Amino acid sequence: MSSYDVVVVGSGPGGSVTARECARAGLRVLVVEEGERVEPGAVPAYSLEQMRRQYRNQGLTVALGRPPIAYTEAACAGGGSEVNSGLYHRPSAELLDAWSREHAVEALTLPDVEPWLGTVEDRLQVQGRAGELPPASAALARGAERLGWAGLDVPRWAVPGPGHPEKQTMTRTYLADALEAGAELACGSRVDRLDVHDGRVRGVVVAGRTVTSERVVVAAGAVQSPALLQRSGVPVSGRGLAVHPTVKVVAEFAEDVNDPADLATYQVKEFAPALTLGGSASRPSLIALALSERGWSVAGEPREAWRRQQVYYAAIRSRGRGRVRSVPGFRDPVVTYRLTREDLALLRSGLARLMHLLLAAGATRLLPSYAGAMTVTTNADVAPAAAAMTRSRAALMSVHLTGTLPLGERRGGVVDSWGRVRDVTNLWVNDASLLPDAPGINPQGTLMAIAHRNVDRLLRGDG
Amino acid sequence: MPDLGEPAALTVLTGAGGWFGRAWLRAHAAPQHRHGPVPTGRVRALAGSPGEVTGILEACPGAEVHVGDVVDPEVLQTLFAGAEGAVVVHAAGVIHPRRVDEFARVNVGGTRAVLEQARSAGVRRLVHVSSNSAFGVNPTPTDRFRHEEPFRPYLGYGASKAAAEAEVRAAHDPGTLETVVVRPPWFYGPWQPVRQTTFFTMVAAGRFPVMGSGAQQRSMVHVDNLVQGAALAARVSDVGGDAFWVADARPYPMAEIVRTVAEVLADEGYLVARSRLPGAVPGGRRVPALVARGAERLDRLLQSRGRYQQELHVLGEMDKTIACDIAYTRERLGYEPEVELREGMREAVRWCRQRGIALAPRADGAR
Amino acid sequence: MRSGATFAERVALACLARDVPESSLESRRRAAEEVVQSLTALPDSTRAGVGVAGVLARGVVGRSSGDRLVSRLDAAPLPGVGEYLKLVRSLALVAWFEDAGS
Numbered sequence: 000m001s002s003y004d005v006v007v008v009g010s011g012p013g014g015s016v017t018a019r020e021c022a023r024a025g026l027r028v029l030v031v032e033e034g035e036r037v038e039p040g041a042v043p044a045y046s047l048e049q050m051r052r053q054y055r056n057q058g059l060t061v062a063l064g065r066p067p068i069a070y071t072e073a074a075c076a077g078g079g080s081e082v083n084s085g086l087y088h089r090p091s092a093e094l095l096d097a098w099s100r101e102h103a104v105e106a107l108t109l110p111d112v113e114p115w116l117g118t119v120e121d122r123l124q125v126q127g128r129a130g131e132l133p134p135a136s137a138a139l140a141r142g143a144e145r146l147g148w149a150g151l152d153v154p155r156w157a158v159p160g161p162g163h164p165e166k167q168t169m170t171r172t173y174l175a176d177a178l179e180a181g182a183e184l185a186c187g188s189r190v191d192r193l194d195v196h197d198g199r200v201r202g203v204v205v206a207g208r209t210v211t212s213e214r215v216v217v218a219a220g221a222v223q224s225p226a227l228l229q230r231s232g233v234p235v236s237g238r239g240l241a242v243h244p245t246v247k248v249v250a251e252f253a254e255d256v257n258d259p260a261d262l263a264t265y266q267v268k269e270f271a272p273a274l275t276l277g278g279s280a281s282r283p284s285l286i287a288l289a290l291s292e293r294g295w296s297v298a299g300e301p302r303e304a305w306r307r308q309q310v311y312y313a314a315i316r317s318r319g320r321g322r323v324r325s326v327p328g329f330r331d332p333v334v335t336y337r338l339t340r341e342d343l344a345l346l347r348s349g350l351a352r353l354m355h356l357l358l359a360a361g362a363t364r365l366l367p368s369y370a371g372a373m374t375v376t377t378n379a380d381v382a383p384a385a386a387a388m389t390r391s392r393a394a395l396m397s398v399h400l401t402g403t404l405p406l407g408e409r410r411g412g413v414v415d416s417w418g419r420v421r422d423v424t425n426l427w428v429n430d431a432s433l434l435p436d437a438p439g440i441n442p443q444g445t446l447m448a449i450a451h452r453n454v455d456r457l458l459r460g461d462g
Numbered sequence: 000m001p002d003l004g005e006p007a008a009l010t011v012l013t014g015a016g017g018w019f020g021r022a023w024l025r026a027h028a029a030p031q032h033r034h035g036p037v038p039t040g041r042v043r044a045l046a047g048s049p050g051e052v053t054g055i056l057e058a059c060p061g062a063e064v065h066v067g068d069v070v071d072p073e074v075l076q077t078l079f080a081g082a083e084g085a086v087v088v089h090a091a092g093v094i095h096p097r098r099v100d101e102f103a104r105v106n107v108g109g110t111r112a113v114l115e116q117a118r119s120a121g122v123r124r125l126v127h128v129s130s131n132s133a134f135g136v137n138p139t140p141t142d143r144f145r146h147e148e149p150f151r152p153y154l155g156y157g158a159s160k161a162a163a164e165a166e167v168r169a170a171h172d173p174g175t176l177e178t179v180v181v182r183p184p185w186f187y188g189p190w191q192p193v194r195q196t197t198f199f200t201m202v203a204a205g206r207f208p209v210m211g212s213g214a215q216q217r218s219m220v221h222v223d224n225l226v227q228g229a230a231l232a233a234r235v236s237d238v239g240g241d242a243f244w245v246a247d248a249r250p251y252p253m254a255e256i257v258r259t260v261a262e263v264l265a266d267e268g269y270l271v272a273r274s275r276l277p278g279a280v281p282g283g284r285r286v287p288a289l290v291a292r293g294a295e296r297l298d299r300l301l302q303s304r305g306r307y308q309q310e311l312h313v314l315g316e317m318d319k320t321i322a323c324d325i326a327y328t329r330e331r332l333g334y335e336p337e338v339e340l341r342e343g344m345r346e347a348v349r350w351c352r353q354r355g356i357a358l359a360p361r362a363d364g365a366r
Numbered sequence: 000m001r002s003g004a005t006f007a008e009r010v011a012l013a014c015l016a017r018d019v020p021e022s023s024l025e026s027r028r029r030a031a032e033e034v035v036q037s038l039t040a041l042p043d044s045t046r047a048g049v050g051v052a053g054v055l056a057r058g059v060v061g062r063s064s065g066d067r068l069v070s071r072l073d074a075a076p077l078p079g080v081g082e083y084l085k086l087v088r089s090l091a092l093v094a095w096f097e098d099a100g101s
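Chains as they are written, first to last, in numbering that gives the first Met the number 0: chain A, 0 to 462; chain B, 0 to 366; chain C, 0 to 101.
Just so you know, the hints here were simulated from the structure itself, not pulled from any lab data. Predicted model, so just to flag it, every value in this text is computed and none were measured. A portion of the hints provided could be inaccurate.
Which residues of chain B face chain A? A partial, calculated answer using Cβ under 10 Å [said to hold, decoys possible]:
#, residue
1, Thr141
2, Glu147
3, Ala158
To list a few chain B residues with every Cβ distance to chain A over 10 Å, as calculated [claimed, not checked]:
#, residue
4, Gly4
5, Arg123
6, Asn137
7, Asp142
8, His146
9, Phe150
10, Pro152
11, Ala161
12, Ala165
13, His171
14, Thr259
15, Arg352
Where is the CB? At the ideal position from N, CA and C, for every residue including glycine.
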């Protein structure tokens, strides 16, 4: 194979921003992607087929711990942007200030990042919904209004399409731009390791062969990026993994609410950033999955009940942290997560508040998704149902993985304020690993703006 | 400013011998701006026992005092005789009983009985004094209870207050009996009971346990702020069936509460033990949060067996944040708390001193 | 590997017979085959653990099938066996609902 100016490992939001900007600057760019390329809309959203084709390990990944936390990562061209819900938030000034302070990050205040947020919003055509809320969102909005809790229908990077909005995924936007500007994309190619010698990276090793490059940018996500660096002999602890631990409830209403092809985009932000309440994908199979967490209660459910049912969630900012460890001889890293006592208290409080909201919204029956959970039909049931979610019964999940390679000038940090790996002069990281913490919002917008900021620095050569 | 209805000619108060009860009666007798629209007409007060009568009359010499059990219908019938159009402030309740079953008997049964008798007597509005304990504890130090929250009762007392609050709100019936709930957190201020004196004594001796960092926060309410909240709840129009947090303007970190009490005691001429440990809270003794968790477990175990132990219960709550947001109360009732921690604690300390209640040795050696 | 696969299918079939009793045997068979496919996709460490749990589970159920098989796994005090049942059941449910459930 030939030599490149830049090899980008991973084609998700971080990698796609990196590839586009480098290609537009006239560099020879190769994007190496482990997964396959699936055209947006070619497989049903949130389906088993999508899990099989676009998720790592078919979506069956779990962070070990007590309780374990199921998590998902995409593995496909375009990465998480192809499979997520497409919700967009700007990070708050407080969040960026806290990161800057705690991790001694240069130039990461809101004014520093704002121009890049604008660039991302323009390209992804971020917009609010025109027209009425669909039933699953309307239920959240109704509950929030009745309780006087703040919430919003979250803008999406999507354009109105026939039926459902067309998400402006990476394969439709940044990755397409990158290819148009001359970047090459190699799908189905797993990078075994980086070829690192004497503080320089010479290239990436794919299927036993080295592809040489002047620079390498790793953008494989918060689990795979540290694992790849570990496999390549770069000293990386893999600690600091941050997620949004999430608990779910199946809510049943008197009328139909479920749109299996989309999810509720309304979020209750009254308790943000510590706690966010919202709606999850609710295909019949996912409803059955949520119900099965409770025990043998699926059997009694009428088959058509799913139309009146919808999965809702309470997600928290967690004080706990996890760790990614690459184990010799194993292809996949071992991921662990330690949920703190305070996290569990916050999850219980979130579960109670979510159920309170759903009852206020008119739900007739609530089925919390944890082992042995009772059925909730009145306000008096909420407290015992929340209290009974112990460590051993909880069934938690998370998306939004961050924090394993936090940017900043803190001593002992692997990367600097711009994602450059300290010990390897021509190696960068540019993905969600850099975000010091799970931010309490859907992080894709934040991470893309930071990726822009970093690649701009890289291209100006003063990194 | 919300609309105030006509003041009632008669106010009936249960729990009159208690901390809030006597503060309310004092405000009747000597209203101040901080008390808000406290009613100035006749007041009829229910004491739980004859021993409380002296204290009630000290606070309000003109009160008509009845004595009896709040769950006894005959006692209530007499109490509510001719109470048509009156306002009832229902403050009777037990917090630290000997046995757990007292919670249900008095806090739930008493409330039910008062609602029934008030309805048949033609009472216009009932203000019920609820508690933060019906809502449990906040999950983080920065979390605040909102106006609308799920009940998550903290042990036996919390369960009884949750049940009572639910009954009071459900009993609201416009045109016949309006009900309004006020939810105070931890009280302070004059008319304090022995348990608060113990708190001061422990702080003066530098023995009050401050769990962990002391960053856990507590909403507190000066009794005169609570009087204002309850007075507004009794008068403001169109708030029937609703419930309101009534607390000081902001929650306080536990370390600040203990430090403020220690400083006020020293200012007021008491000897306060000084800790020389770096990072120590004056008046407090730093204790690992683990101790509170152990105490909470033991408290749960004892309560599940029907027994109640006050010190254990209080200790078990010490590492918790219990804090509420009063924005809705400000908006709907026009509530503006005027007393703040330092000034209010000073009033409480002086109140004790005036009554000869010993808190700590005096710095000048006097007794 | 083949015997492990057939065991997972047995467990999946028993779970589905309980969860979706009105379904056709054919649809349950298709879902059980999907379960086997899913198990191979597990991350290495999880797959290793599930393999061990599967061996324990096989010891627990012996020759039983149907409800009896499920009850035995449900009640087994051995570590991992309950989790094995939960995993196979959830995979089977998702596969069945995706294929035939809506």
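Hints and how they fare:
1. Thr141: Because about 7 Å separates B/Thr141 from the closest Cβ in chain A, which is inside the 10 Å limit, the hint holds.
2. Glu147: Holds. Min distance 4 Å.
3. Ala158: holds (9 Å)
4. Gly4: It holds; B/Gly4 is separated from chain A by about 24 Å at its closest Cβ, greater than 10 Å.
5. Arg123: holds (27 Å)
6. Asn137: Non-interface label on B/Asn137 violated, nearest chain A Cβ at 8 Å vs cutoff 10 Å.
7. Asp142: violated (7 Å)
8. His146: B/His146 is in fact no farther than 10 Å from some Cβ atom of chain A, at 6 Å.
9. Phe150: The claim is violated: B/Phe150 sits with its nearest Cβ about 6 Å from chain A, within 10 Å.
10. Pro152: violated (6 Å)
11. Ala161: violated (8 Å)
12. Ala165: At roughly 7 Å from the nearest Cβ of chain A, B/Ala165 sits no farther out than 10 Å, so the non-interface label is violated.
13. His171: At about 16 Å from chain A, B/His171 clears the 10 Å cut-off, so the statement holds.
14. Thr259: Its Cβ never comes within 10 Å of chain A, the nearest being 26 Å, so this holds.
15. Arg352: holds (41 Å)
Hints 6, 7, 8, 9, 10, 11, 12, counting from the list given before, are not met by this structure.
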